[in-house]
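*Asks:* Residues per chain, in single letters:
Protein chains: 2
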Amino acid sequence: MPKAVVSRLSLYLRELQALVRDDNKTISSTKLGRLLGLTDTQVRKDFACFGQFGYPGIGYRCEELIGEIRRILGTDRIWPAAMVGCGNLGQALLGYRGFQSQGFSVQAAFDIAPDIVGSNFCGLKVDHLDSLPAVVAEKGIQLAILAVPADAAIEVASILVKSGVSGVLNFAPVTLNLPKSVSVVGVDLAMELEQLAFAVVKKGEK
Amino acid sequence: MPKAVVSRLSLYLRELQALVRDDNKTISSTKLGRLLGLTDTQVRKDFACFGQFGYPGIGYRCEELIGEIRRILGTDRIWPAAMVGCGNLGQALLGYRGFQSQGFSVQAAFDIAPDIVGSNFCGLKVDHLDSLPAVVAEKGIQLAILAVPADAAIEVASILVKSGVSGVLNFAPVTLNLPKSVSVVGVDLAMELEQLAFAVVKKGEK
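Protein chains in written order, with my numbering: chain B, 1 to 206; chain R, 1 to 206.
Source of the hints: derived by calculation from the structure; they are not laboratory data. Among the clues, some could well be false.
One copy or two, it doesn't matter: identical chains are merged, so the pair holds either way.
[As the list claims (entries may be wrong)] Think about it this way: if two alpha-carbon atoms lie no more than 30 Å apart in a straight line, the pair counts; the simulated DSBU-like pairs of lysine-lysine are:
(1) K180 x K203
(2) K45 x K203
(3) K180 x K31
(4) K162 x K203
(5) K202 x K162
(6) K3 x K203
(7) K180 x K3
(8) K45 x K31
(9) K162 x K139
(10) K25 x K203
(11) K31 x K3
(12) K25 x K125
(13) K139 x K203
(14) K202 x K139
(15) K202 x K3
(16) K3 x K45
(17) K45 x K202
(18) K45 x K162
(19) K31 x K162
(20) K180 x K162
(21) K180 x K202
(22) K125 x K162
(23) K180 x K139
(24) K3 x K25
(25) K125 x K3
(26) K25 x K45
(27) K162 x K3
Excised from the complex, chain B in its bound form (with noise of 0.2 Å):
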């Protein structure tokens, strides 16, 4: 299945909890496509490649496909996630409220600078790297949220693999080369922005 597809389903899962939000039962894959600048026949195309989920006249009942969506992406459950690296980005990504209303539960944060160690950031007592390995089993936690420096980070994603994540959500500007047991999905926010200038330019060019 194409990468682009599976970035859309979370689009349009959003986009279905927010017409949810406003009390809409339905919605049409024109009005759903309108909603995110695509055509009606690639909202169809996206959900044929998972199922038959539109009612002739009707559309796409929200809720129901919300609850397709989340399976299909595997956010029908609770992810037990960690968050390492407790510094300015992360402090403020332990803050940020969309991970749990989208089935991410971070439950444990870890540094290794002794005035962050022991501090609690929303709620979230930050434990000593060390500890890793020992919380990651005790909690059961599959996800981690890499959000180091770069220079650090290859190091720590090693522990993250030796302790049996199995994925690791990449915010430090560096790739990491991981057994293939281990899922990476690497933000690089500066890469964002060469997305956003790269659009910028070419809608000049027009």
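Following the hints, complete the assembly by docking chain R onto the known chain B.
*Replies:* Same frame as chain B, now just chain R:
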């Protein structure tokens, strides 16, 4: 040009910059691909979209390819940018050194909270949102990084549009429908975690 290719340009750029830091002068498509988990065919095909950059028997000259990619992405110039919203996330982003090194210069910061306006973060004084149009005009700001709460994002984005910015990097979990003249790239951190969850689930099914 497919969006996925543009995303990969950022990945190549980052890897090439790391290679130069390690004193590499040239790199083959095979080695560059291996570093990023791509086939050499994919690497060559991606660059062929833009021109002929490789040398037979040598591969790519790292510095030259970095220059070409920056030119294509539009980051061979400095982009004056503004941080809009200086809560936890905005403050973390202001401390993020990656922006500057990739050609983005955050030259203004805005908020509305009385305890934040007037504060200094990473050498930048936070102005009140009311002064945004004047500051954007004065400093020639083209890009805005939107790190305000979800319920304020649409209103603040419309202020940005009226002020004449060309691009918005949106961290609020809201889809912004802005005029076609303004580019938007959305960063939804929960979406990134969803993509990771999906990758972990798929791996478990194999």
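*Asks:* Now tell me, hint by hint, if it's right for this structure.
*Replies:* Do the hints match the structure? See the list:
1. Only between protomers do K180 and K203 lie at most 30 Å apart by alpha-carbon distance; the minimum there is 9 Å, versus 39 Å within a single protomer.
2. Taking the shortest Cα distances, K45 and K203 sit within 30 Å of each other both inside one copy (28 Å) and across copies (24 Å).
3. Only between protomers do K180 and K31 lie at most 30 Å apart by alpha-carbon distance; the minimum there is 19 Å, versus 40 Å within a single protomer.
4. Within a single copy, K162 and K203 get their C-alpha atoms only as close as 46 Å, which misses the 30 Å cut-off; across copies the closest is 18 Å, which meets it.
5. For a Cα distance limit of 30 Å, the shortest separation of K202 from K162 across copies, 21 Å, qualifies, whereas the shortest one inside one copy, 44 Å, does not.
6. When the C-alpha separation of K3 and K203 is checked against a cutoff of 30 Å, the pair qualifies both within a copy, at 25 Å, and between copies, at 14 Å.
7. Taking CA atoms no more than 30 Å apart as the test, K180 paired with K3 passes in both settings, with 17 Å inside one copy and 26 Å between copies.
8. When the C-alpha separation of K45 and K31 is checked against a cutoff of 30 Å, the pair qualifies only within one copy, where the shortest distance is 15 Å, while the shortest distance between copies is 36 Å.
9. In this assembly of identical chains, K162 and K139 lie within 30 Å of each other by CA distance solely inside one copy; the values are 16 Å within and 49 Å between copies.
10. With identical chains, the CA atoms of K25 and K203 are never at most 30 Å apart, being 37 Å at best within one copy and 34 Å at best between copies.
11. Taking CA atoms no more than 30 Å apart as the test, K31 paired with K3 passes in both settings, with 23 Å inside one copy and 23 Å between copies.
12. When the C-alpha separation of K25 and K125 is checked against a cutoff of 30 Å, the pair qualifies neither within a copy, at 41 Å, nor between copies, at 46 Å.
13. Proximity of K139 and K203 under a CA criterion of 30 Å is satisfied inter-copy only: 21 Å between copies versus 49 Å inside one chain copy.
14. For a Cα distance limit of 30 Å, the shortest separation of K202 from K139 across copies, 23 Å, qualifies, whereas the shortest one inside one copy, 48 Å, does not.
15. Proximity of K202 and K3 under a CA criterion of 30 Å is satisfied in both settings, with 24 Å inside one chain copy and 12 Å between copies.
16. For the homomeric pair K3 and K45, the shortest alpha-carbon distances inside one copy (14 Å) and between copies (18 Å) are both at most 30 Å.
17. For the identical chains of this complex, K45 and K202 are neighbours both inside a copy (27 Å) and across copies (21 Å), given an alpha-carbon limit of 30 Å.
18. Within a single copy, K45 and K162 get their C-alpha atoms no closer than 40 Å, and across copies no closer than 36 Å, so neither meets the 30 Å cut-off.
19. Taking identical chains as interchangeable, the C-alpha atoms of K31 and K162 lie at most 30 Å apart only when they sit on different chains, with a minimum of 27 Å there against 47 Å within one chain.
20. Within a single copy, K180 and K162 get their C-alpha atoms as close as 13 Å, which meets the 30 Å cut-off; across copies the closest is 48 Å, which misses it.
21. When the C-alpha separation of K180 and K202 is checked against a cutoff of 30 Å, the pair qualifies only between copies, where the shortest distance is 12 Å, while the shortest distance within a copy is 37 Å.
22. In this homomeric assembly, K125 and K162 come within 30 Å of each other (Cα to Cα) only inside a single copy, at 23 Å, whereas the closest approach across copies is 43 Å.
23. Taking the closest pair of Cα atoms, K180 and K139 come within 30 Å of each other only inside a single copy of the chain (23 Å); across copies the shortest separation is 47 Å, beyond that limit.
24. With identical chains, the CA atoms of K3 and K25 are at most 30 Å apart within one copy only, with a shortest distance of 29 Å there and 33 Å across copies.
25. Taking CA atoms no more than 30 Å apart as the test, K125 paired with K3 passes in neither setting, with 36 Å inside one copy and 40 Å between copies.
26. With identical chains, the CA atoms of K25 and K45 are at most 30 Å apart within one copy only, with a shortest distance of 22 Å there and 45 Å across copies.
27. For the homomeric pair K162 and K3, the shortest alpha-carbon distance inside one copy (27 Å) is at most 30 Å, but the shortest distance between copies (35 Å) is not.
In summary, the numbered hints that this structure violates are 10, 12, 18 and 25.
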